[in-house]
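Could you slot chain B onto chain A? The hints should help.
Keeping their order, the protein sequence lines are chains A and B.
Okay, so the first sequence: first residue is 1 according to this note's numbering, each after it adds one.
Okay, so the second sequence: first residue is 1001 according to this note's numbering, each after it adds one.
Just so you know, the hints here were simulated from the structure itself, not pulled from any lab data.
We put the CB at the ideal spot given by N, CA and C, even for glycine.
Accuracy of the hints is not assured; some may be wrong.
As the list claims (entries may be wrong) - Where chain B lies over chain A, by a calculated footprint (3+ residues, C-beta under 8 Å): (1) 140 to 147; (2) 163 to 171; (3) 181 to 188.
Claimed, not checked - Heads up, simulated DSS-like pairs for lysine-lysine below, C-alpha to C-alpha not over 25 Å straight-line: (4) A:152 to B:1413; (5) A:159 to B:1439; (6) B:1371 to A:152.
If you want the building blocks of each chain, they are given just below.
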Amino acid sequence: MTTHTLLIVNLRGGADGLNMVVPFTEDAYYRARPTLAIPRPGTPGGAVLDLDGRWGLHPALGPLLPLFQNRELALIVAAGRPGSSLSHFEAWDEVESGALGDTLPTTGWAARLLEPSKNESPLRAVAFQDTMPRLLTGVNGAMALRSLDEFKLAVPKPKAPAALRALGGLYHQTELPVGRWGERTLAALAALDDIERAPKNDDGFPKTEFGEQLRGLLRLIRAGITPEIASVELRAWDTHFFQGGLTGHHPNLMRELSEGLITFWAGLGELKGNVTVVVLTEFGRRVAENGSSGTDHGEGSVMFVLGTGVTGGKVHGDWPGLNHLTSFENIPVTTDFRTILAEIASKRFSNVNLSRVFPKFQSSSYLNLIT
Amino acid sequence: MVNRRHFLGMAGIATAAGLSACSRWMPTGRAASAAGEAGRAAQAVRQALNRLTFGPAPDELDRVSGIGVNAFLEEQLAPDSITDFQAAFKVRRIESLALGAPGVYDFTSEELIADLRRATILRAVYSRRQLFEVMVEFWNDHFNIYSEKGDCAQLLVVHDRDVIRQNAFGKFRDLVTAVAKSPAMLVYLDGKANVSGNPNENFARELLELHTLGLDGGYTQADVREAARALTGWRVREGLIGRGRPDFQPDLHDDSEKVILGTVFQTGAANNLDRLIDLAVSHPATSRHLARKLCRRFIGDNPPAGVVEKVANRFRETDGDIREVLREIVHSKEFEVAGPKFKRPFRYAVSVLRATGGDTDGGAGFQKQLKSLGQLPFDRPTPDGFPDGDGHWHAHVLPRWNFAASLCAGGIKHTSANLENAPSTPEATLQHLLGRPIKTFETSTFAEFREKSEILPLALCHPEFQYH
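Same shape as in the complex, but just chain A:
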């Protein structure tokens, strides 16, 4: 069976879902956001892109519109991590460990998802960042790497084999925990030895760390080194201050996100069927903008699911309307992030024990995001 890749795109900082997928028929939206609201469809000078007469996509997410229209992209509103603790760090610990509360599992939900798999690839789970995220903590054979281009040994070719042998000797013999990480690194280097020869038709990515992460992942997949889980991150969504409505910081992030994703998706070509993408964040923003044309931490946000076989072209989720907010005047989470992840896990992976992947979580019925 071909390895399926689940790509998790982490929008770090708490992304303002309300300005990404906009309920443009609700006056409350325009009242709550006098400087930040995105105008109704057709407004001259920039407006949301009408999805279904009720929801509008921010124009900076426009590159993703064709994926929505051809039903590969599903959007879920009022989704995310339920609860009102608005600490970025606590929220990510919960999202990445797949549980809520005071005593979280130390391993990531993705690590527990991969437990039954017999895959021994040293790159079976890859986080494109400097430090190992909790999501992949506990995977035998997870790597954290900043950039695929930098992931090579800086030793001249003739001397490399001896250096690799010697490193293998030192890291194999030690009892220190870094030993196995050294060995995994060496195995990954061996697996990537000839990836430079992989087709390089992957231009068009944003010239940013996020673009570089997606570009690296695309090259891995095209070279047949297919991670089961990949994690990329786009940072700086913590828009307390002048976040920008039609233009500015938040729209720039959305453009980077959408251009990166569309380039990645197009680059997959025939391999699209083997990849599912989830975009998520730790929490949304408050409905009402703050005094500095920004938004403070909120609750419900938006999630994206992209893939073939996804029931795309539809805005999913139970939207309570902006007149039904939480006690902190936030959008409530009506779809727990785990409901979405559990559906993907059970339909895209084998031998999944959901009560182990998401302990103490009783999923409500699936949204049927995947046919």
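Same frame as chain A, but now just chain B:
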């Protein structure tokens, strides 16, 4: 200018320890090679130096074996008494470090942040006030500021000097207060946008969650909202005059009644910020949060609860006296018997230079390496600072191998490992770096490596050298 007192101090240091790079890369004498009782004492010294400094320089191992860890600690806790000629001389050339606001705006953010990083690296590598530099790094993580946000690059010049360095060994309350009023922090966490009637909660939340009480410190979302109101009105001056200076504007301050952590702030009370910080700093949760974090840094990733509690008590008894808290940690049994701790990347790179008597200008070449290693100072976007703990870092060993290889191949601009003075055998190299004799399997691992330029980089990649 070198005045008379400095000069005399300098002469003392020069005879005690030597100043030249060459003498710093000598195989160690009594500190490393002694056996039995003396060997254990030498290991204890190495261990203490590993934690209290960015890595033992060879001369320091011998010197501290002579005077003892306690005397070394006391010396380090009085940084002004340590003549620091070499670091001062290297850093003095970086003119932008002396700038204030608005003078910093005469320079580009790229120039300023490159200079500040250069100074940070040079001090970590060359300063004899090592514990002070270790604590500056600790506080720069604890009160993390990202240079790319707004004009933080400009404002960090002042912040690093007048807020962090000024208070790094002082009282925790003074440090938190200075941070809260620092323009760099007011920009980074949007405090400057937090005004009466339109509060911005960003700084208030991190003040409680990261800087003082800690995540499980017993405050609520309502406390965050009220604290934000107490912090309103602190702005950063704009325009030509005084640009970049803190600017409290009473008419933007919300002085109506609030309740924070169960304490009532009456309407019209002055100094809401100071009072809030007082309240937060003296809260028992803050002492435990800081104690845990410091013990994690100086003792190990999972410090025993007993020592954390002892250190927290000391924090409360001394009204958050940072030096007293450090004494409590270093005098603890847990510090003495602490096991190996995985070096964070900055420490790894600096410890390589210190152990090898290497040299760097701290410039673009070295900074690029730190970026690849994952810990370039002032480059952490999120306010939690670079993480501590091996789980975060141990998947990222390849950049360390590449750092060692590039360094020894002369591939890092204006940075060198002082190869000519390096030991010529694997035995001597490992003894020097790890403080123990070579093992049999290592002899065969190193068998193919005959040149110093091959032995040293492999030794610097050694798993044990990744720990301190």
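Each hint tested on the structure:
Counting residues of the stretch 140 to 147 of chain A whose C-beta lies closer than 8 Å to any C-beta of chain B gives 5; at least three are required, and the coverage claim holds. Coverage of the stretch 163 to 171 of chain A by chain B holds in this model, with 7 residues showing a Cβ closer than 8 Å to a Cβ of that chain against a need of three. Under the rule that three or more residues need a Cβ within less than 8 Å of chain B, the assignment of the stretch 181 to 188 of chain A holds, with 4 such residues. A hinted pair counts as satisfied when its Cα atoms are at most 25 Å apart, and residue 152 (chain A) with residue 1413 (chain B) qualifies at roughly 20 Å.
Under the criterion of a C-alpha separation no larger than 25 Å, the hint pairing residue 159 (chain A) with residue 1439 (chain B) is consistent with the structure, at around 24 Å. Proximity of residue 1371 (chain B) to residue 152 (chain A) is assessed by CA-CA distance (about 16 Å); at most 25 Å being required, the pair is judged to hold.
In summary, this structure violates none of the numbered hints.
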